[in-house]
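Student: Protein chains in written order, with the working numbering: chain A, 1 to 397; chain B, 1 to 267; chain C, 1 to 331.
It is worth saying that the hints were derived from the structure and are not from the lab.
SDA-like cross-link-like pairs, simulated, lysine to any residue; straight-line CA separation at most 25 Å: (1) K104(B) to E375(A); (2) K10(A) to R136(B); (3) K387(A) to P161(B).
In this text, all values refer to a predicted model and were calculated from it rather than measured experimentally.
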Amino acid sequence: MFYREAGQFKASYGTDQAIFPIAQDKWFVLAVVAAAYLVVPLVANSYWYEVILTPVVVMSLSALGLNVLTGYCGQISLGHGGFMAVGAFAAFKIATAFPELNVIIVFLISGLFAAFAGVIFGIPSLRIKGFYLAVATLASQFFFEWWFQQVGWFSNYAPSGTITAPSQEFMGVVISGPSATGVVKYLIGLTFLVFFCIVVKNLVRSHIGRSWMAIRDMDIAAEIIGIKPLQTKLLAFAISSYIAGVSGALFLFLMRISLEMEAFDIIAISFPVLFMVIVGGLGSVMGSIFGAVFIIGTPVFIKNFPELTTASVILVLAGLSVAWLTKYGVWRWVPLVIGVPLAVFVFFQKFASNTAEHIVLMFFGLSIVLVLIFEPNGLARLWQIAKEKFRLWPYPY
Amino acid sequence: MNATARKKANENAETMLSVEHVSLSFGGVKAIRNVSFDIRKGEIRAIIGPNGAGKTSMLNVINGFYHPQEGTITFKGEKRSDMRPHIAATQGIARTFQNVALFKGMTTLDNIMSGRTLRMKRNMFWQALYFGPARREELEHREYVEEVIDFLEIQHIRRQPVGKLPYGLQKRVELGRALAMEPDLLLLDEPMAGMNLEEKEDMSRFVIDVSEEFGTTVALIEHDMGVVMDLSDRVVVLDHGVLIADGTPDEVQSNQDVIDAYLGISH
Amino acid sequence: MLEFIIGLYEGFLANPAVEIWQDPAYFIQNVAGGLMVGILYSLVALGYVLIYKASGVFNFAQPMMAIFATLALIMFHDKVLFPAIGTGYGLTIVLAIIGSMVMMLILALLVERLMLRPLVNQPEIILFMATIGLYYFLEGFGETMFNKIANSPVPMESLGMEIGPFFVGGVMFQKVDATAAAVAAVMVILLAVMFQKTSVGRALRAVADDHQAALSVGIPLSVMWVVVWVVAGAVALVSGLMWGASAGAVDFGMVFVALKALPVLILGGFTSIPGVIIGGLIIGVGERIAEIYWSPYLGDSIESWFAYILALIVLIYRPEGLFGEKLIERI
Numbered sequence: 001m002f003y004r005e006a007g008q009f010k011a012s013y014g015t016d017q018a019i020f021p022i023a024q025d026k027w028f029v030l031a032v033v034a035a036a037y038l039v040v041p042l043v044a045n046s047y048w049y050e051v052i053l054t055p056v057v058v059m060s061l062s063a064l065g066l067n068v069l070t071g072y073c074g075q076i077s078l079g080h081g082g083f084m085a086v087g088a089f090a091a092f093k094i095a096t097a098f099p100e101l102n103v104i105i106v107f108l109i110s111g112l113f114a115a116f117a118g119v120i121f122g123i124p125s126l127r128i129k130g131f132y133l134a135v136a137t138l139a140s141q142f143f144f145e146w147w148f149q150q151v152g153w154f155s156n157y158a159p160s161g162t163i164t165a166p167s168q169e170f171m172g173v174v175i176s177g178p179s180a181t182g183v184v185k186y187l188i189g190l191t192f193l194v195f196f197c198i199v200v201k202n203l204v205r206s207h208i209g210r211s212w213m214a215i216r217d218m219d220i221a222a223e224i225i226g227i228k229p230l231q232t233k234l235l236a237f238a239i240s241s242y243i244a245g246v247s248g249a250l251f252l253f254l255m256r257i258s259l260e261m262e263a264f265d266i267i268a269i270s271f272p273v274l275f276m277v278i279v280g281g282l283g284s285v286m287g288s289i290f291g292a293v294f295i296i297g298t299p300v301f302i303k304n305f306p307e308l309t310t311a312s313v314i315l316v317l318a319g320l321s322v323a324w325l326t327k328y329g330v331w332r333w334v335p336l337v338i339g340v341p342l343a344v345f346v347f348f349q350k351f352a353s354n355t356a357e358h359i360v361l362m363f364f365g366l367s368i369v370l371v372l373i374f375e376p377n378g379l380a381r382l383w384q385i386a387k388e389k390f391r392l393w394p395y396p397y
Numbered sequence: 001m002n003a004t005a006r007k008k009a010n011e012n013a014e015t016m017l018s019v020e021h022v023s024l025s026f027g028g029v030k031a032i033r034n035v036s037f038d039i040r041k042g043e044i045r046a047i048i049g050p051n052g053a054g055k056t057s058m059l060n061v062i063n064g065f066y067h068p069q070e071g072t073i074t075f076k077g078e079k080r081s082d083m084r085p086h087i088a089a090t091q092g093i094a095r096t097f098q099n100v101a102l103f104k105g106m107t108t109l110d111n112i113m114s115g116r117t118l119r120m121k122r123n124m125f126w127q128a129l130y131f132g133p134a135r136r137e138e139l140e141h142r143e144y145v146e147e148v149i150d151f152l153e154i155q156h157i158r159r160q161p162v163g164k165l166p167y168g169l170q171k172r173v174e175l176g177r178a179l180a181m182e183p184d185l186l187l188l189d190e191p192m193a194g195m196n197l198e199e200k201e202d203m204s205r206f207v208i209d210v211s212e213e214f215g216t217t218v219a220l221i222e223h224d225m226g227v228v229m230d231l232s233d234r235v236v237v238l239d240h241g242v243l244i245a246d247g248t249p250d251e252v253q254s255n256q257d258v259i260d261a262y263l264g265i266s267h
Numbered sequence: 001m002l003e004f005i006i007g008l009y010e011g012f013l014a015n016p017a018v019e020i021w022q023d024p025a026y027f028i029q030n031v032a033g034g035l036m037v038g039i040l041y042s043l044v045a046l047g048y049v050l051i052y053k054a055s056g057v058f059n060f061a062q063p064m065m066a067i068f069a070t071l072a073l074i075m076f077h078d079k080v081l082f083p084a085i086g087t088g089y090g091l092t093i094v095l096a097i098i099g100s101m102v103m104m105l106i107l108a109l110l111v112e113r114l115m116l117r118p119l120v121n122q123p124e125i126i127l128f129m130a131t132i133g134l135y136y137f138l139e140g141f142g143e144t145m146f147n148k149i150a151n152s153p154v155p156m157e158s159l160g161m162e163i164g165p166f167f168v169g170g171v172m173f174q175k176v177d178a179t180a181a182a183v184a185a186v187m188v189i190l191l192a193v194m195f196q197k198t199s200v201g202r203a204l205r206a207v208a209d210d211h212q213a214a215l216s217v218g219i220p221l222s223v224m225w226v227v228v229w230v231v232a233g234a235v236a237l238v239s240g241l242m243w244g245a246s247a248g249a250v251d252f253g254m255v256f257v258a259l260k261a262l263p264v265l266i267l268g269g270f271t272s273i274p275g276v277i278i279g280g281l282i283i284g285v286g287e288r289i290a291e292i293y294w295s296p297y298l299g300d301s302i303e304s305w306f307a308y309i310l311a312l313i314v315l316i317y318r319p320e321g322l323f324g325e326k327l328i329e330r331i
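I would like the entire structure built from these sequences, with the hints used as guidance.
Tutor: Rendered as structure tokens:
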């Protein structure tokens, strides 16, 4: 009813090439951003900042970086955590070596180091493709894990290699380190996220983004229309790991404050970020944010609302049974066979604290598989579909 | 300009591309053996031959996807024996493929826009801001692409992902992507394969229009003899990697070797 | 600068060479040790190659399956614990193996039905990501299910495996490792015969090549998939046992060692059974030797990345791995 583009005529290609060619989209997104800046700080408490809001903005940024590489350029990477670590350690070193330098600038510089690392480890992508590349990207992950732990200089010779973000004031407000308030850290992270979303969106709708997607969809044909494969892939690696590096710096300065290298290992970062990208939507800027909300929000939800989780697990399983029934017919009882015992099992375990994590693991695993089966384009595509439906509402078609 | 007049005009035109003594083999399989021919500026040149004659391999050699073991290729006066496809593209060679090679995840518009990549110069920092020169450049190219879209009559599928389009339209989009490159030489690999009569007629018209309106030189592979005889100015016939005839459609049609290659020889 | 180059030369070449010259027995001992570790890598990698060759799926969850199967075996074997029932039944080792394989069969059936079938004809990379999902699910499910028996030792006596060292010409070997090597050899022969000589093998190769084409000539895709996953489950069980035996105990932390099997895979080539065997041996020996002789120069525990960098360097020269099939790109 309200979501119609009828009557919005475009008189120039300029308006047609805009990020949001439909006015409602533009206003909606602007409203969300405004709410994120103005309404959230009014209602959120420190728990929310700590557990949801700051992690979501930081990890959205990280997922955005991976989405450039995997979603747009089609180069699957399992070593994203390594590049985030480069950013974090670079930011730590710069901030401790030059305490006067504004941390915002430190963040932006530390991304450069990660971009450099990304380019070095991206060089093999010219020759190596697909699974071979996916496994090869693990090389960067393990190498950096070892390097930052091994060389004491990176952590200023702290015992056990722990690095802690130093505090810094800017115009009378503490903007980083242990004493910075939740709202400040959240707003800084949000600003970075918004900025890079715009940058990435602009890149992907330019000839650079089209070259990435061309390489992703059919690299041979891309080369034949004049796209240079190595430069294009390396640029994707560079931008992806630049964003990863900045998000790594934010991860240290805004989210964790104090961490060891293990915080960036494959289980803690690389896989979850890949999940964010898959669940949110490969090749979608907005999907990166959806994915981060989902992957970060779910465990928090499960831990805080066990009963509600049980209820929703059962509901979801029932819904899936119906979906399977309509899509694949014969074996309709299968989801029930796993679903019911699982639900019962989950119910009887009553989420003892050590198993809550395992439930989360199972849930992540299941959701990846389900997303790939039912909506390979992720939550972002669901959002599109919802909009399409809303466009026709209240009529069925 | 009618067809005969055009052929007259082409006869004295300069040579755009010449293939000299090219041989290509994969391991023990000899795909092309010592083939030489030339393509003149502005003409429509057909390459025909039975299946497995080495036609597609020949196109792959011309645009640098395969590297011949022997022989040279001279394009616009530059001689070469080895090159990468993207360099061929910079020099002005565009092509379409036997099995459509579009970017399936992108829309028609983006696919054709991607053909303009080589002509877009603004670097990533301008693009990241989508501001000033970058925006202006993008819009200029959009205008050209819209002309191509109009020319090929595919306005209605502008915003659709090409993966979902029917085969005939995909072929047309692919031609559009090649045209967007504003090539000097356009290689078409079986542009009419798998089409019905009406689609073939449309496609033939596009090929002639490309040649006449844009002045593009065209080299095409086609199995439909009717189309080949009507469209092309000169024809090369390959069989088992060997060149067996080269001349105007009429000459080729009456050539005994060609008849043998297509109909088989009775011993 | 000159100092750095001299340092490089000494650290990488001269000092190791001197050390090897001075104590060749130690070197040989380490090569032997590396070979044995390599066999274990090969065993895990074999599971990956098997599923990939036979169905075109790069199953990232293979090491999880190994741990899962082994813990299931321990659970069935153990007299004390069977969490779902509470009291327990001590089963003999044969029954335990059968029980574990039945679990792998159920897993294969479920995976085929719920994951592979809906994803038929999808690009390989999508299937790969789905198996990462499976990896997480199995970890969560396994941790919940086997919570109480995690960190148990493999029942060595019941399996008839001996522990302890033995000596061949002054070089020490572990009996466990020798058993693993023998088992690996037998498995490779069996699998090679299955792939090359039987009609099932031919059907499997067809499935790996093209799902749709295989379906259209009447190959029952779902049956084939279950067969492959059950066989991969068996390989997983064997590799998990060997691995648990040499590590001392089985728990989900072992999966980090499995990540070592990945460079083996790309070094040898995804589609080559001899490739993973030789790749495993190269990496086993290489990382052991590098750890011993280069760590004074580079720092400790370079084992964690050495295999990856080695594989990466090889891949730059041979993108399809040492033994992988070279693809001729057609267009």
